[in-house]
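K.L.:
Chains A and B supply the protein sequences, listed in that same order.
Numbering that gives the first Met the number 0 numbers the first residue of the first sequence as 0 and each following residue consecutively.
Numbering that gives the first Met the number 0 numbers the first residue of the second sequence as 0 and each following residue consecutively.
In case anyone wonders, no lab produced these hints; they're calculated from the structure.
Take the hints with a grain of salt, since some may be wrong.
[What the hints assert, rightly or not] Among the chain B residues that face chain A by a calculated CB cut under 8 Å, a handful are:
1. V67
2. V218
3. S243
4. P317
5. Q335
6. V337
7. Q396
Ideal Cβ positions, reconstructed from N, Cα and C, are used throughout, including at glycine.
Given next are the chains, with one letter for each unit.
Number of protein chains: 2
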Amino acid sequence: MTAFPPIERDDWLGAPEGLRLAEGGSVTTPEGYAAAGVASGAKTDRDARDIGILMSTRPNVAALVDTVNALPSVPVKLNRTRDRRAFRAVLVNASKANAATGAAGREDALAMLARAAENLDVPVEQIAACSTGTIGERIDLDLALPGIDAAAAGLAQDGGPAFAEAICTTDRAPKTGAFTLDLPGGAVRIGIAAKGAGMIRPTMATMLAFVTTDAALVVEDLQAAAADAAAASFNRISVDGQMSPSDTLLVLANGQGDPLEGEDLAAFRDALAAVCRWAAIQMVKDGEGAEHAVRVRVEAARDADEAERVARAVGDSPLVKTALFGRDPNWGRISQAVGAALARTPGVPADLAVAIDGAGLSDPAAGAAMEKAEYDITVRLGRGVAAYDLWACDLGQAYVSLNAEYHT
Amino acid sequence: MTAFPPIERDDWLGAPEGLRLAEGGSVTTPEGYAAAGVASGAKTDRDARDIGILMSTRPNVAALVDTVNALPSVPVKLNRTRDRRAFRAVLVNASKANAATGAAGREDALAMLARAAENLDVPVEQIAACSTGTIGERIDLDLALPGIDAAAAGLAQDGGPAFAEAICTTDRAPKTGAFTLDLPGGAVRIGIAAKGAGMIRPTMATMLAFVTTDAALVVEDLQAAAADAAAASFNRISVDGQMSPSDTLLVLANGQGDPLEGEDLAAFRDALAAVCRWAAIQMVKDGEGAEHAVRVRVEAARDADEAERVARAVGDSPLVKTALFGRDPNWGRISQAVGAALARTPGVPADLAVAIDGAGLSDPAAGAAMEKAEYDITVRLGRGVAAYDLWACDLGQAYVSLNAEYHT
Numbered sequence: 000m001t002a003f004p005p006i007e008r009d010d011w012l013g014a015p016e017g018l019r020l021a022e023g024g025s026v027t028t029p030e031g032y033a034a035a036g037v038a039s040g041a042k043t044d045r046d047a048r049d050i051g052i053l054m055s056t057r058p059n060v061a062a063l064v065d066t067v068n069a070l071p072s073v074p075v076k077l078n079r080t081r082d083r084r085a086f087r088a089v090l091v092n093a094s095k096a097n098a099a100t101g102a103a104g105r106e107d108a109l110a111m112l113a114r115a116a117e118n119l120d121v122p123v124e125q126i127a128a129c130s131t132g133t134i135g136e137r138i139d140l141d142l143a144l145p146g147i148d149a150a151a152a153g154l155a156q157d158g159g160p161a162f163a164e165a166i167c168t169t170d171r172a173p174k175t176g177a178f179t180l181d182l183p184g185g186a187v188r189i190g191i192a193a194k195g196a197g198m199i200r201p202t203m204a205t206m207l208a209f210v211t212t213d214a215a216l217v218v219e220d221l222q223a224a225a226a227d228a229a230a231a232s233f234n235r236i237s238v239d240g241q242m243s244p245s246d247t248l249l250v251l252a253n254g255q256g257d258p259l260e261g262e263d264l265a266a267f268r269d270a271l272a273a274v275c276r277w278a279a280i281q282m283v284k285d286g287e288g289a290e291h292a293v294r295v296r297v298e299a300a301r302d303a304d305e306a307e308r309v310a311r312a313v314g315d316s317p318l319v320k321t322a323l324f325g326r327d328p329n330w331g332r333i334s335q336a337v338g339a340a341l342a343r344t345p346g347v348p349a350d351l352a353v354a355i356d357g358a359g360l361s362d363p364a365a366g367a368a369m370e371k372a373e374y375d376i377t378v379r380l381g382r383g384v385a386a387y388d389l390w391a392c393d394l395g396q397a398y399v400s401l402n403a404e405y406h407t
Numbered sequence: 000m001t002a003f004p005p006i007e008r009d010d011w012l013g014a015p016e017g018l019r020l021a022e023g024g025s026v027t028t029p030e031g032y033a034a035a036g037v038a039s040g041a042k043t044d045r046d047a048r049d050i051g052i053l054m055s056t057r058p059n060v061a062a063l064v065d066t067v068n069a070l071p072s073v074p075v076k077l078n079r080t081r082d083r084r085a086f087r088a089v090l091v092n093a094s095k096a097n098a099a100t101g102a103a104g105r106e107d108a109l110a111m112l113a114r115a116a117e118n119l120d121v122p123v124e125q126i127a128a129c130s131t132g133t134i135g136e137r138i139d140l141d142l143a144l145p146g147i148d149a150a151a152a153g154l155a156q157d158g159g160p161a162f163a164e165a166i167c168t169t170d171r172a173p174k175t176g177a178f179t180l181d182l183p184g185g186a187v188r189i190g191i192a193a194k195g196a197g198m199i200r201p202t203m204a205t206m207l208a209f210v211t212t213d214a215a216l217v218v219e220d221l222q223a224a225a226a227d228a229a230a231a232s233f234n235r236i237s238v239d240g241q242m243s244p245s246d247t248l249l250v251l252a253n254g255q256g257d258p259l260e261g262e263d264l265a266a267f268r269d270a271l272a273a274v275c276r277w278a279a280i281q282m283v284k285d286g287e288g289a290e291h292a293v294r295v296r297v298e299a300a301r302d303a304d305e306a307e308r309v310a311r312a313v314g315d316s317p318l319v320k321t322a323l324f325g326r327d328p329n330w331g332r333i334s335q336a337v338g339a340a341l342a343r344t345p346g347v348p349a350d351l352a353v354a355i356d357g358a359g360l361s362d363p364a365a366g367a368a369m370e371k372a373e374y375d376i377t378v379r380l381g382r383g384v385a386a387y388d389l390w391a392c393d394l395g396q397a398y399v400s401l402n403a404e405y406h407t
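Bound-form chain A, shown alone (with noise of 0.2 Å):
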């Protein structure tokens, strides 16, 4: 698969002073993680990759995030009767959601697990599931148990570029890579891989994300540090409103000398945020068809919630994410936004106060940065003080056509 363009804006990432991307690394370029990523034959493609193994090859600790969607899958329902500290390793398939599938899909999870745990002389608890791909069709089993095998078998030190293919569906591309970040003392290392597509795709709509970090954590630092990225990233994204029943984070930790404190641990948040944020507008610039990743940038709002509240009518508007796939800087489009989000709110502002890369809408620089890939939309509601930024892409012929055709 090919690499991702890179992200221009580096101002979007709001990473800490110290943190550098690590030309071709993957979730094993942190100390003491192997991963692996094999065919099966699931996949349309039966050479693609479809299954993969990341674990700490040390003593780890980890934290989770999950989708807040009502009917989650099956394996986020798994994984939610473990101890989510104590996960030292996950395994992912790529094809099928196991989602809506009841008590076989159950049955069909713990089997690919007790597998993996025999392979891999891991207590089955501590290995967390992820499935992705159809919602309501069962896993074959008769692919997936030796493709675990397989898996398991090829885990290596430099296997996060194969780990990172074999989660993806309709990604055009893996979001991954590996950064490193300067602590007083010593560097750190953060990997990510991470599959999703900025516009939700079918029934393939899910966001995994699995982050390794040689740090050294204590545990519910690095849950409430997994929880603030997830919410400053992942949870900052439009594509189409749509919610997937599989959506996980998971984090790895398994630093081996004192844990972060202080301005380091400080530090490390801000990177894990910024990293994870790196993935996401990944996601929303994998749209089919999305020409443009946009910050959507609420201003002056009264409170979070109006501010974010504003911020999603807009990022979500399928009138305004039109009018930015035909380069149209339409303040009609954003107004009847902002208006219907303030709705029944008192003191509304007569004007509002909108901008493209800083420009109003009738400068003719608004229009001109629309061309780019990546531009911010400011929206200055003059209440009060509060703020939200989203990322958010445009709406095309592609998104239909794709969402259209494919059929369960």
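Mind docking chain B on chain A? Use the hints.
P.N.:
Below, chain B alone, put in the same frame as chain A:
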């Protein structure tokens, strides 16, 4: 303009006994109304009617329901400064929405109303104003004022069809007709002229509906009936989740006898709701590229709010709407939308009962039903007894084309 195809599913209207469609009817079918529609040259087709006037020729009462969008158009704001119970007439222009036009737009609206008042010999504050069309552009008074003169001069008892044409923008056809309601005290008539398209268009998103009746009503009863009718019709159509700054429903009642009460009043209220639903469903069917009108019925919800939330999540979901366009009975997409709507609520059932015209999604009859122009999607939550109906349409490529290629 061609007539709109009839609604096949009579049961969708919920019409009371004694309500019959009057062939060839319009807003001037009830007694005591005059209307006109003329071309002032403001539409792209300069010969298309674009200025409409409708008035009661005898004493009447009125009710008005308008948008909850927090950034309403100039005419909506102006109407709110008047006594809505006293409106005798309405002046409509179709081409510019007169929204986001500021103080100049207000002066334009006042000048147009003054011209109408002079022509009609009606106090200016008794004329409601409605504008529909592009946002952010001023009305050309050099065209509009002579147009108002011509419309006023042309007011006629058979002017209903011309008025219905004049209020349209991108509508394939006006939604207009008249009904007779048999009551023990004699028949009354209800006429309607409405505009708006199922898939809301660029900056011409407005829903406008004007209802006339020669029934006699106490003004408070009329206002309550109008509010209920809007809630049961125009507020139950899911287009693309977008909300116009101009939406308005105006109801005029000019019966001269004893006001309706008791069972007669109840029948009238049901009839008004059915007539509004008749027009609202035509809006759903008028979506650019939409091939299906679908009733989303949510049943067995905990409470009315939950039922509505789930129905809107399903009806607004681009993944569901593209599946409808593709005639794909896709359980995963409906379940995904329901799960998102129920996020963070406890006690969600593991399995949903979803049916298309009564057939489960794996039943070939469900796929066959999806070929029809009109069908039901029923979602049973198994959590309580509350229900909600919403009408939605599918999402095809034409929606994107029209909205991306239309520039302000």
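K.L.:
None of the hints should be skipped; say for each whether it holds.
P.N.:
Do the hints match the structure? See the list:
1. The interface hint given for B/V67 is met, as the beta carbon of that residue sits about 4 Å from the closest beta carbon of chain A, less than 8 Å.
2. A distance limit of 8 Å between C-beta atoms decides the matter here; for B/V218 the minimum to chain A is near 25 Å, and the interface restraint is violated.
3. Hint status for B/S243: holds, given a least beta-carbon distance of 7 Å to chain A, under 8 Å.
4. With a cut of 8 Å, the hint placing B/P317 at the interface with chain A holds, because the nearest CB-to-CB distance is about 5 Å.
5. Nearest Cβ of chain A to the Cβ of B/Q335: about 6 Å, under the 8 Å cut. The hint holds.
6. Because the closest C-beta pair between B/V337 and chain A is about 7 Å apart, less than 8 Å, the hint holds.
7. Here the hint on B/Q396 is kept, as its CB sits about 5 Å from the closest CB of chain A, short of 8 Å.
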